[in-house]
Amino acid sequence: ETGVTQSPTHLIKTRGQQVTLRCSSQSGHNTVSWYQQALGQGPQFIFQYYREEENGRGNFPPRFSGLQFPNYSSELNVNALELDDSALYLCASSRKLAGGVDTQYFGPGTRLTVL
Amino acid sequence: AQKVTQAQTEISVVEKEDVTLDCVYETRDTTYYLFWYKQPPSGELVFLIRRNSFDEQNEISGRYSWNFQKSTSSFNFTITASQVVDSAVYFCALSGGNNAGNMLTFGGGTRLMVKP
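One line per chain: the protein sequences are H and S, in this order.
The letter at position 95 of the first sequence is residue 95 when you use the numbering used here, and the numbering goes up by one with no holes.
The letter at position 66 of the second sequence is residue 66 when you use the numbering used here, and the numbering goes up by one with no holes.
Just chain S, same shape as in the assembly (with noise of 0.2 Å):
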């Protein structure tokens, strides 16, 4: 079974804070890929991005930056100098390879509020 875990529920910062929310997972396959999305209030969730399992190069996009740890089972997020456009909930997603109909698992996500 797979489960995805985002033990933070809710964090508040204040605008140009450094934040960074946590993502734990756990799966079976060898094979798997993690993801990120947004949900703004408006409820559509927002694609932020994918990590393939072999592949634990960080990444870096404008003020966002993801830390892939095969060794500790996490994929953190850091949101850099952080604006009220930010605030949103965030949730972490993890894929099998070899699961039918590869649904995502999510965690049950973290609320950011980021105040002016």
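Isolated chain H, as found in the complex (with noise of 0.2 Å):
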């Protein structure tokens, strides 16, 4: 296991609705990226979250939003919810480094359905 947490684990909304997910990062970890995974598709990068900021953002609407709290756990925010949202959330953590890529260590994710 790799200590990032998620919840909920599985999540049903209808078209329209405003959704948020929870991500608590692996201890030592700063840095909190969020992806989407649609069905049998790789996971596509949303955003990641730095010092509370977003640090960098993938091709997704503004309807995607987070947040970073300052014991680096995350939330995504998506609002007016649409069928093709559903997919599996994932949040990954990881440290910052100054000169390099840490690896990503990702939570179970969050199946997301909507209706």
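Hints in this document: simulated from the structure, not taken from any laboratory.
Every residue gets a Cβ at the ideal spot worked out from N, C-alpha and C, and that includes glycine.
It is possible that some hints are incorrect.
To be verified - Not close to chain S: a few residues of chain H, all C-beta gaps over 10 Å, as computed:
| hint | residue |
| --- | --- |
| 1 | Ser7 |
| 2 | Gly16 |
| 3 | Ser86 |
As the list claims (entries may be wrong) - Here are the simulated lysine-lysine pairs, PhoX-like style, with alpha carbons at most 25 Å apart:
| hint | chain 1 | residue 1 | chain 2 | residue 2 |
| --- | --- | --- | --- | --- |
| 4 | S | Lys115 | H | Lys96 |
| 5 | S | Lys16 | S | Lys115 |
| 6 | S | Lys38 | S | Lys70 |
| 7 | S | Lys115 | S | Lys38 |
| 8 | S | Lys70 | S | Lys3 |
| 9 | S | Lys3 | H | Lys96 |
Unchecked claim - Partner residues are not named here, just some residues of chain S that face chain H (Cβ under 10 Å, in silico):
| hint | residue |
| --- | --- |
| 10 | Thr9 |
| 11 | Ser12 |
| 12 | Ser42 |
| 13 | Gly43 |
| 14 | Glu44 |
| 15 | Leu45 |
| 16 | Asn52 |
| 17 | Phe91 |
| 18 | Ala93 |
| 19 | Ser95 |
| 20 | Asn102 |
| 21 | Thr105 |
| 22 | Phe106 |
| 23 | Gly107 |
| 24 | Gly108 |
| 25 | Arg111 |
Make the complex out of the two chains shown on their own, each in a separate frame, by following the hints.
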């Protein structure tokens, strides 16, 4: 186990609703990244948070937003849910390195179904 | 733009066979990092290995080995004497040393089925 936790495990919402997903990072990690994994595909980068600020964003619309808290935990918020938002949402934690890239360790994911 | 291609979408082998999963990448970064992750049916991505672009040494860890070749932009993964527990989806991923956020770009994954 990585020590990265996510909640809830599963979630069912209807189109147009809003959802909040939560992630607790591994001890000693200060960076959290979020990924969306549609069925049968590889994960797609949504954004990353470091020091409570967004530190990079993938090709996702503004209705995908996030927060990072002083304890390095994070939330992913999705507004105006669409059917295509149905996916596994993965959170990964890592350390911010001065020169280089740290390994990202993933949580178990939240399976979101939009009806 | 970065890209990772895993041409094999699904591989089926019988237990104890050796199997190689292919990964080809594209990047303009001079420094970059390659990763392999395993995703069992439970869904969690399990980190297997990380390789820096300036280190082309191949690596062996038990039944697992990795062959990194910069000349062909490939980072292939071999499982020797496969076991049923190796059944999973395997992802190759790339992170550029210069990109903001150090995002991982994943391939489409290879589903490995090991039959008893």
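Quick rundown of the hints versus the structure:
no. : hint                : in the structure
1   : Ser7                : holds (14 Å)
2   : Gly16               : holds (26 Å)
3   : Ser86               : holds (14 Å)
4   : Lys115/S to Lys96/H : violated (41 Å)
5   : Lys16/S to Lys115/S : holds (9 Å)
6   : Lys38/S to Lys70/S  : holds (23 Å)
7   : Lys115/S to Lys38/S : holds (18 Å)
8   : Lys70/S to Lys3/S   : holds (15 Å)
9   : Lys3/S to Lys96/H   : holds (23 Å)
10  : Thr9                : holds (9 Å)
11  : Ser12               : violated (17 Å)
12  : Ser42               : holds (7 Å)
13  : Gly43               : holds (5 Å)
14  : Glu44               : holds (4 Å)
15  : Leu45               : holds (4 Å)
16  : Asn52               : holds (8 Å)
17  : Phe91               : holds (6 Å)
18  : Ala93               : holds (8 Å)
19  : Ser95               : holds (5 Å)
20  : Asn102              : holds (5 Å)
21  : Thr105              : holds (7 Å)
22  : Phe106              : holds (3 Å)
23  : Gly107              : holds (6 Å)
24  : Gly108              : holds (5 Å)
25  : Arg111              : holds (9 Å)
When held up to the earlier numbered hints, the structure conflicts with 4, 11 and fits the remainder.
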